[in-house]
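Here's the letter readout for the chains.
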Amino acid sequence: MKHKTDNIWIGQKDLVQDQEFLSTVDSEFNSDSSTLADATSSLSGNRRDFLKFLGFGLGAATIAAGCDIPVKKAIPYVIKPDEIVPGIANYYASSFVNGGDYCSILVKTREGRPIKIEGNALSPVTKGGTSARAQASVLSLYDTNRIKGPQVKDGARWKDTTWQEIDKMMVPTLSSNGIRIISHTNMSPTSKKAIAEFVAKYPNTKVVTYDPVSASALLDANQLNFGVRAVPSYHFDKASVIVSFNADFLGTWISPIEYAADFAKGRAINDVTKASMSRLIQVENHMSLTGSNADNRILVRPSEQGVAIAHLYNEIVGGGPSSDGLNDKAKKAISKVASELKSKQGSSLVVSASNNVSEQLMINAINNALGNYGTTLDISMPSYQRQGNDTDLKAFVDDVKSGSVDLLLVYGANPVYDTVYGKELGDTISKIKNKVSFATVMDETSALCDVIVPTHHYLESWGDVEVKKGQYSLIQPTISPLFNSRQAEESLLKWCGSSTVDMMSEQPYYEYLKDNWKNTMFGGQNGYATFQGFWDSALHDGIYSQNSASSVAYTSAPLSGGITKPSKSEIEISFFETVHLANGQYAGNPWLMEMPDPVARTSWDNYLAVPVSFDGFRNMVGFNDLVDGDVVEIQVGEKSMKVPVIQQFGQMPGTVSLALGYGRTEAGNTGSNVGQNVNDCITKGENGPQLYNTAVTVSGKVDKTKEFACVQYHHTIGVKGVDNKTGEVINADEAALVYFDYFTGATGFQGALTDRSVIYTSNVKDVAENAESLKHKREHAQHLNAQQIYGGFDDKYALGHHWGMHIDLNACVGCGACTIACMSENNVPVVGRKEVSRHHEMTWLRIDRYYYGDVNNPNTVYQPMMCQHCDNAPCENVCPVNATNHSAEGLNQMAYNRCIGTRYCANNCPYKVRRFNWLDYTKADLWPINQPTLRNESTPFMADNLTRMVLNPDVTVRSRGVIEKCSFCVQRIQEGKLTAKIEGRSLLDGDVKTACQTACPTNAITFGDFNDHEGTLNKKLESPLTYIALEEINVRSSVNYTMKVNNRDEALDA
Amino acid sequence: MSINKYLKFKAIVLFCFVLISFSARAEVSSDQGKKLFTNNCAACHAKDMRSAATGPALGGAQAKWDNQDDLHAWIRNSQALIQSGNPRAVELWNKYKPVVMTSFGSLSDDDIASILLYIDDVYTGKAGPKKADAVAAAPEKPKSKLPLYLIVAAILGILSLLMARIIGMLNEVVTSREGKPERARTFKEIFTSKGVMTFLTFAIIIMGGYFTVNKAVNLGRQEGYKPEQPIKFSHATHAGVNKIDCKYCHDSARRSKVSGIPSANTCMNCHAAIKVGSTYGTAEITKIYASVGYDPNTGTYIQDVQNKSEDDLKAIYTKWIGDKYKESKELASLDAEGEHQVALQWQNIKKSLTNDLKTSIYGPINWVRIHNLPDHVYFNHSQHVSVGKLACQTCHGAIETMDVVQQMSPLSMGWCINCHRQTEVKFKDNAYYANYKQLHDELASGKKSKVTVSDIGGLECQKCHY
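These protein sequence lines are chains Z and R, in that order. Under this note's numbering, the first residue of the first sequence carries the number 2, and numbering increases by one thereafter. Under this note's numbering, the first residue of the second sequence carries the number -9, and numbering increases by one thereafter.
Mixed in with the good hints, there may be bad ones.
Listed next, the in silico DSS-like pairs over lysine-lysine satisfying Cα-Cα at most 27 Å (straight line) [stated by the list, open to error]:
| hint | chain 1 | residue 1 | chain 2 | residue 2 |
| --- | --- | --- | --- | --- |
| 1 | R | LYS379 | Z | LYS978 |
| 2 | Z | LYS73 | R | LYS340 |
| 3 | R | LYS222 | Z | LYS978 |
| 4 | Z | LYS978 | R | LYS25 |
| 5 | Z | LYS74 | R | LYS222 |
| 6 | Z | LYS74 | R | LYS298 |
| 7 | R | LYS222 | Z | LYS73 |
| 8 | Z | LYS978 | R | LYS304 |
| 9 | R | LYS222 | Z | LYS81 |
| 10 | R | LYS216 | Z | LYS74 |
| 11 | R | LYS222 | Z | LYS797 |
| 12 | R | LYS222 | R | LYS304 |
| 13 | Z | LYS81 | R | LYS233 |
| 14 | Z | LYS994 | R | LYS427 |
| 15 | Z | LYS978 | R | LYS416 |
| 16 | Z | LYS73 | R | LYS341 |
| 17 | Z | LYS74 | R | LYS341 |
| 18 | Z | LYS73 | R | LYS237 |
| 19 | R | LYS416 | Z | LYS797 |
| 20 | R | LYS341 | Z | LYS81 |
| 21 | R | LYS427 | Z | LYS1021 |
| 22 | Z | LYS395 | Z | LYS193 |
| 23 | R | LYS438 | Z | LYS978 |
If you want a taste of the chain Z side facing chain R, the calculated C-beta under 10 Å gives, among others [what the hints assert, rightly or not]:
| hint | residue |
| --- | --- |
| 24 | LYS74 |
| 25 | VAL86 |
| 26 | GLN477 |
| 27 | ARG959 |
| 28 | SER987 |
| 29 | LEU988 |
| 30 | ASN1012 |
Pair ranges (Cβ atoms, derived) [stated by the list, open to error]:
| hint | chain 1 | residue 1 | chain 2 | residue 2 | range |
| --- | --- | --- | --- | --- | --- |
| 31 | R | LYS85 | Z | ALA530 | 39 to 45 Å |
| 32 | Z | ARG158 | R | VAL367 | 45 to 51 Å |
| 33 | R | MET258 | Z | PRO204 | 52 to 58 Å |
| 34 | Z | VAL72 | R | MET403 | 21 to 27 Å |
| 35 | R | GLU81 | Z | ASP516 | 47 to 53 Å |
| 36 | Z | ALA269 | R | LEU433 | 40 to 46 Å |
| 37 | R | GLY214 | Z | ALA799 | 43 to 49 Å |
| 38 | Z | GLU507 | R | ALA333 | 54 to 60 Å |
| 39 | R | ALA47 | Z | GLY985 | 42 to 48 Å |
| 40 | Z | ALA269 | R | VAL358 | 57 to 63 Å |
Simulated from the structure, these hints should not be mistaken for laboratory data. Don't be surprised by glycine CBs; every beta carbon is placed ideally from N, CA and C.
Could you put together the complete structure from these sequences and hints?
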């Protein structure tokens, strides 16, 4: 089989030069015709209607002209809170927590309402980074599906009730025999204390903790080896070789924000002449986010994970179980990996997401044999981000089935959906006499409960987190509760009649929390003499660290449980957690639902990832001859479902994959009935769920999906194709212009480009050489640009500021936190599946994914792409109304109110970053016909006053018919400048940070002033790996990228 | 040492001390004092130093203190001095309590000396808050050029009539020479002639277009908008007569994008003491009390005011209005006119403070917003007030003369742009602008006489639209 290397492609359609695809890239917005067709069909207009509209329009205009301007009110506070100045944002330190997901954050509030999440740089764990989930959590505060107050089930309907009624109702149920509190991982010491008080009062209570994606085996193994049931602290920055067995630690596994930052540190290249970086080897079958960032991927089937680990164990430790059944290629590769690991004693790291205790014990033994404990991983400061216990969960399900549970308190969990036992539980949960849910929004479990006692959203709550041993952070409310909710812990304390808390105080749980901190944390510090001082400082910082590391010794444990046996089935299916939806916890959040999967770049559905292989000639052959968007019928165990297909490079032949977290039935307007639920397809396994299944069949194509919402082939740049008429290789997106070639008589000028510089890659070994060739290439481009009639205007920007950006593609892991931060900051609308499938997604910042290297097992580059703010911008001079033009500070400005929607600018943008408001996505218009609904809901998204509270008041909400695009967060630039002016000082480096920059966990994005010669931006530009995308077309863009460098070991591919 | 010598010695020492202190007090100046006064004192003390505001008038106050150190101590921490039993301090406290003077512990002796110097200067008329400060900043109306235009138009009109007459006469001559029968055209013929019709149609289209465009451009503009407000708050009384600094109430103007409609508790800073208005008596001030839940009879805030019934509140405020009426008329009980006044004022309070959406009397006052910018315009007060150091009157007009505020400026984009073209940036005083080196050089070399807002990008779209 021929390998096509040194080539970059965006996907299968690009590689095989799919004619249909190439014809769509000609036009900026695909399916323009369908828009018109759809619009007319939905208008169902005829001549009479036209006359009606015309008549009405004229009438309305006449009336409007005759009317007075509506009277607007200016309503001040009665008593203005001291800390609020209208128009000025306040920031409060808090923590984003959802089960085991954690991020220390600053909450930006305006006039008392949270509008944006920023990272908290003081945190030693997340270090100011954020994730897409944390960024989007502010939208869930304003979810219209939130439960408005306590409710009791009355037959099939929910009836509103009062807290007094609830408390009265709970009294008799609490004396029952079997009480269970079921929750996801709970990292809060004070919450645990409240639960402990409840358990002490009602000793028949058992607390069941589980994780939607279980890490139970990892915890159990550490219990056996170290006596600590926790996750060690991993230091990916200190490891020069990282081997990950299916652990998606950059995307979803345990603490991705922390790990991504560390990982990026180990990948930084400071000196090209002495370049070195860590090597990541991912052993998996499906291209995960971590796998896509890996240097080498070793493909094993899901059922081979056990023997793969065993093979490495045998090579390094020896004496383990047989590795029979592991494919030969992987076997050879792992042997080579083993010798490399052995040469990197103490600076290597092996991790695994396996949920098999014996396999995790082997991983621990390998790390121990390599001397990694104490260097690259550290159990003396364990992380509590996973605490679930599969055994407890199984026992709970059995108890429910046997009818021995009388009262169930569901606290931050949704076991009917997000466990492998969901279906059984759903069928038998009615055996529990009393079922009480603390949910904030309706979910599958709450729907089956009798009582819902809604707890606060985390942005309305008090709380604390012990994320790692001695690493505490606080949660503080940033808005008064929007609805009639009550904190779950307060309910528990009330029901158990706790004497330690004053229920009559205004915020009982706040007092309880403070008391707990006074009695525990305050004693352990000596920085503050008074508790108030200590508390104020901890609350201000959002975090508090206590040095309480204790050394823990490794004791070996017998591998008694056995490992996963390789299957001989023809095909296997693996299930994976996605970066955006997790196991469905975030499915109700429109921002996350529309966020494309970083690797497959699909949204609004779970697509079956099928392998593709190169036929040795020109075609990529999909599994079962399937292509993107085909619908297949798959049978997993007893469950049969129809799913759309996406061809996935790097997917191991003989395996298919499907994402968890879809197919929810009770997830509000956004999340319900999107895709297929596969939680009940997961192999139950003897000691916990295993995220694959071997009993699977996949049919051929049975249908074609109408709304194929994959953004990978939208807004492409630099795609090459063969022109049918001439047989020449041309740029697909500039096909019309290639004929200008003869006119200029030279290649390489605008409009006649065949060799575009979008992505540069290099192996770390050749980086000096490639940096040299990049230099020549850039010199050539600059030489051509200098000959242009359009010279530079660089002298123009010497005055004042000249804004620019640098994006380090080596640091970018593609997690997508920046894309959600951008939506949140800039009021970017969500458009819904249908609109996405028509190329109408509105994202100002997208992350382009490119594959390069080995077609069968490629490497990946993620390129965040936004408006490049070209100083010689092609969009500006085609605007007939001058709605887009250039500022003296080098910003490409967009005046929405001047835009008349010709879309010439979008057409002329070489980076395809301009977005057109085809419909009224933000409900700024009066005509309902222009308002698309995301999912046929009664009130369209953003049409209600609750959701609109999330809007940033400093950014205009765009109306239908105008173009919009990245503004370099001009509102932040202006704010930073104004602050400096008011303080009468120069603008300092770092005073202005864009939303994408602050969101990034790996600091891949640097924004700054080119004129600040000492600034970080200019320092970064000095690297010889820096380049400008499409430099040769002389648009003089202000965004710089770096060459992507990998550390692929070709020897492992053999 | 004899007494004489001792005194001599002391005098020398004192002289030296004075010399030293003079050299050290290079900082003590009326200008410095003005700055400090504006920042620290102007919130409570009137700028003219003669009228009492929240705090007493300061003119001549210095002379009332025997010991200047005590005065300094008083300014730094008045309560401490009262505690220590200083007679002047206790006297002042008895006069003004419970209003506590803010402590200014951070002011140095020089600072205080500067402030006192400034106060004295203003009091004695050497310096003063420039009345012109506000008024001068307001743009001067350009002299109308209309008469000139009229004269030119008249001359042109006469000329064209003359020309028409000459042409007509020449035509007559021509036709008579050609021997055609001479017949004057009727008026009807003239007015229905092709030329006139064309001219009229053309004129109608031009005029119609002109008016349509102008009217359309003006849609949504509210220059001169002067709505009635729920409380007859008079800026003339507050800013004009009492000379309260604009930024005392509109305090966010200097630090935020919005100037901020003051919350009712800001009103209460003064109106806890000033309970009867100079113009409307109890009629308007009682509305503040009702909105903030303050009982003027007892001088306390009403407990649990949200849950008080309307009748309870009515009892409180009608009692207050009635009492004040009786006081003013020196009556023992309400007369018929009094009853009527009380009922009328209460009706008015209720009407002003409630509407369809707000049924309770307690709660925020729904002012009518006068200055509206469209949502796609970003305007920041602090940029103009704190950085640009513009007087409020530049845009809002002579607000200190308005009993009812009206919008003085069109708030149109052309109006903004014009100002940005003409207004000079406070370029040299602000270190922020240091990185505009080229402009600094041009200023230094005299190539440029001033740097306007437009020179530093003040006309660009994304300075206001984003």
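Earlier hints that do not hold, by number:
Going through the list in order, the structure violates hints 3, 8, 11, 26, 38, 39 and respects the others.
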